[in-house]
Amino acid sequence: MLRAIPHRLSAIARGATALLAAVAVPSFASTSGVVISQVFGGNGAAPNAYASDYVELFNAGSTAQSISGWSIQYSSAAGTGTFASNGVTALSGTLQPGQHYLVQLVTTTGNPLPVAGDVANNGLNISGTAGKVVLVNTASGLACNGASSACSAAQLASIVDLVGYGSTANFSEGSPAPAPSSTTAILRVNGGCTDTNNNAADFATGTPLPRNSLTAPAPCSGGTTPPPPPPPAPPPSAPTAAIWQIQGSGATSPYVGQTVTTSGVVTKVNNNGFFLQDPIGDGDPATSDGIFVFTNTAPTVSAGQAVTLTGKVSEFNVGTATNTDTAAHTVTELGGVTNLTVTGSGSVAPLVLSFPFATQDAMERYEGMLVTLAGPFTVQQNYFLGRFGQMTLGTGGRLWTPTNVYRPSADPASQGQLLNADNIRRSIVLDDGSTLQNPNPTPYILSDSSPLAGTSVNMVLAGDTVGAITGVIDYGLTTSSTSDPGAYKIHPTQPVSFTRVSQPGVVDADDVGAANIRVGSANIENFFTTLNDGTNKCPPSNTADDCRGANSASELSRQTNKVVRELAGMNADAIALMELQNNGNTTIQYLVDSLNAYLGATTYARVPFAATGGGTDAIQVGMIYRPSRLSLVGAALSDTAAVNNRAPMAQTFAAANGEKFTLIANHLKSKDCGDATPGPGDADAGDGQGCFNARRVQQADELRAFAARVQSTSGVADTLMVGDFNAYAKEDPVYDLTSNGFVDQIGRYLDKPGSNSYGYSYVFNGSSGRLDQAITSSSLSPKVTGVSEWHINADSPLVIDYNLEFKQPACPTCNPDYTLDTVNTPYRASDHDPIVIGLNLVHAINGTSANDTIVGTAGDDVITGGVGADRLTGNGGRDVFVYTSMRDAADTITDFMPNDDRLDLGALLASIGANASTAVANGVVQWQQSGANTVVLIDADGKAGPAVPHLLVTLLNVNAASIDPVRDFGLGAPAAVTSAVKASVKAAAVRTAVKTK
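Counting with mature numbering (1 follows the signal peptide of the UniProt record, and there is no 0), you get residues -29 to -1, 1 to 968 for the letters of the sequence shown.
If you're looking for bench data, these hints aren't it; they were derived computationally from the structure.
Mixed in with the good hints there might be a few duds.
[What the hints assert, rightly or not] Derived DEER-like restraints, expressed as beta-carbon distance ranges: (1) A676 to E286: 50 to 58 angstroms; (2) T167 to A647: 42 to 50 angstroms; (3) S420 to V891: 27 to 35 angstroms; (4) A257 to T211: 20 to 28 angstroms; (5) A861 to A892: 47 to 55 angstroms; (6) S728 to G346: 14 to 22 angstroms; (7) S420 to T309: 52 to 60 angstroms; (8) A128 to V472: 37 to 45 angstroms; (9) V472 to A878: 50 to 58 angstroms.
For glycine and all other residues, C-beta sits at the position ideal for the given N, C-alpha and C.
Whenever a hint applies, use it, and build me the whole structure from the sequences.
Here it is, written out as structure tokens:
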């Protein structure tokens, strides 16, 4: 499942690691007259010149030029990223001849710029020594970098001006400009009027001199600088307004656009502003008594100070201009602050509130206020914890994806849409009070009450809980997209700690009932052996576009380490895999070799791919299995119908007892609307199913037909379809199968609507659901003993995955590499949780009325000798010997193994009117030592009656003391018998299991 690129601009690695020759480019003589006149990237505390990076523009022409719709874009000196990947800084306004324009970039700590930026701090962090800056006449990001990713003619034509600086810059006008530093900038010579299309000649290093649009114009071409205008008349004093007056009782302030003076107590300080609250308020619950004061740089005030200030009132939209949700939830704030004066100290008592409210919009009245939300809250999503320092919380337990619970509908009154609205109402974002990306250290991540299973770190997981939270209410984005709906946030003012609710230990993957065969399914998220380093090419297109996954050998090693432990921990006899690189046997064989290096040679083998191939996508499905437990029956088949770009793969297996089943691995079309332009019926219908739903339904139809063909070819009806269906439990593709005779096994075993508990394998946008399914034919369904979802991935924070981006030591200012704490564990091996399905495939053998000699298979058998004195041999495996009447007596079992094999006496006891729960206590069933053997006796009227016990069966070479009647004879309370049998099955599984280091 693809995710959008995070909306905050990526942090740019400073410097370069290799010396690359500058790329010759066409002339960028600025026909508009507007040029890049200055670049400074050395932000930081003294002795660095300033706390902010900036790019300065200058109109060197003779006519006014509009720059609205233009943009500043940046790429590292010699890296493989594109201008677009680092974000686009939009420009606006018109530059008169000789007028400057200041684009203020990332701001850290240190000396503020002497003049305000015409574009405020946007977080872009450019290198202080070498890089590439372009002035572009569109607001669209350029998907090129001029070197490793060449720019097309159209892209080059949109570049108004280009400055490559530092010796390693590989894209520049002529030769690169000299390298600036933390105390110097590069400035266009001759007052910005020289443009020879050679950066080396046009720029020189010098003291940073940022100039904005208010700086006195300095026209070129010999023009004289006009005399400065007379000083303006002093503005009238700003009116005084209380914070609650500024906020008003509606969604928009009645003072928007006005400059006002107000006062209050500082309740929370963030990196670019602070929250101010009237300590008394007006007592009106419809008006907020708090407000955010935007300072752009680190505020000079601290919590608890009483201040007065003057500022301009605005309504800030956190999303795009076309985002109707964020436009309806703008944040009232004060900016352009002057006359900030500390008048003393004060305190504000938090307002205690019950959460959730009747509607999300009811939070507006508390915007900017210090509150205590009573809780308790459950962590719903921690995907953006490492990148943005935020988690989504919710009340009432885990929030479920609506189409995981209800059939899809776009009707606002439908159950799914009502659940979606309720999820929004019950959600709030826990923020770290900072706009910085990759905060160091990552907030909250190690604040759980207990270590994560198998580690020594108190890693916070989705599903963990927290009680009351005290902090300031705000509003912002919850995902990486500025087009997605926002949510209200709370910036804590007191420490927050979490309580572990459940541990996703390996035992969860073992909990599949009394199974003798375990089948797994795992989406291993773009597992590629061809590195996605920008230079390699991948099939099927043989371009870099089809390369995904690890960017380096180090990342591949880390990814392999985690995936191997995930697959080992599943302890499955066959595993269907999704998102393998589609490069023949190379990647799957690498994975098998890595798995066997960890577990022992020949533990697993790959299932050979079908001769018809894995499809036309860059990724494919595949299978591995344990030859010691299963054998292949025939060759694998794949369905390369036109609708399947990732072809389903089918393989029939046989257990040691000869029982067969067919496994079909699937990966249906993604929901991502950005994957391609949706065709008819594929557009998002607003019913919760995302894009390409019609395509997935077609694929489900084809899957039914493919399963029928496989059943006909193999002669095996028992079919298990698993994989990433990219459809939640109640969506059309799953319904297409379950309404046509197939059985949803996860729904059968894990969905418990009465307890508001459902199976899930994926967390997205703060809600949980299952995209990964286990669906069987009706013939196999009675043989399914249970299903387990191993929640090692969906609940784990993204920051502990294998990727090295935005982690130390690759990025010294970024968050630590928490993966080091979990490197020898399977946590966050993928974005999907693996599933394990238990099957009880036993072979039935029935005797005759004669004295039979019966030898079972090497696997698990159910042997009914019947009438007569039979000699029975299980011959390995976990065997059940069935007795239905006293006429079955006088048998001999040659190889009975307590804790593996079992006598089934249920029908026999019923035939004599005895109760299995009390049969041992009443003496109906007895056993005793007889030489080296154990004899089992049946006394129809118990010890108290006159009847004598009759020999039922002799267990050769079995010590009577080793017999547990509940476990080995199924005698006792039903729950105890079930538990004992399950424990026996699990013990057998452990004896045949792979190791899980």
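Against the structure, the hints come out as follows:
For the pair A676 and E286, the supplied restraint of 50 to 58 angstroms holds, since their beta-carbon distance comes to about 56 angstroms. Evaluation of the 42 to 50 angstroms hint for T167 and A647 yields a pass: the beta carbon distance comes to about 45 angstroms. Evaluation of the 27 to 35 angstroms hint for S420 and V891 yields a failure: the beta carbon distance comes to about 44 angstroms. Checking the proposed 20 to 28 angstroms range against A257 and T211 shows it holds: the Cβ atoms sit about 22 angstroms from each other.
Checked against the hint of 47 to 55 angstroms, the pair A861 and A892 fails, with Cβ atoms roughly 25 angstroms apart. For the pair S728 and G346, the beta carbons lie near 20 angstroms from each other, so the given range of 14 to 22 angstroms is met. Checked against the given bound of 52 to 60 angstroms, the beta carbons of S420 and T309, roughly 47 angstroms apart, lie outside it. Checked against the given bound of 37 to 45 angstroms, the beta carbons of A128 and V472, roughly 57 angstroms apart, lie outside it.
In this structure the hint that V472 and A878 lie 50 to 58 angstroms apart at CB is violated, the actual value being about 43 angstroms.
When each numbered hint is compared with the structure, violations occur for hints 3, 5, 7, 8 and 9.
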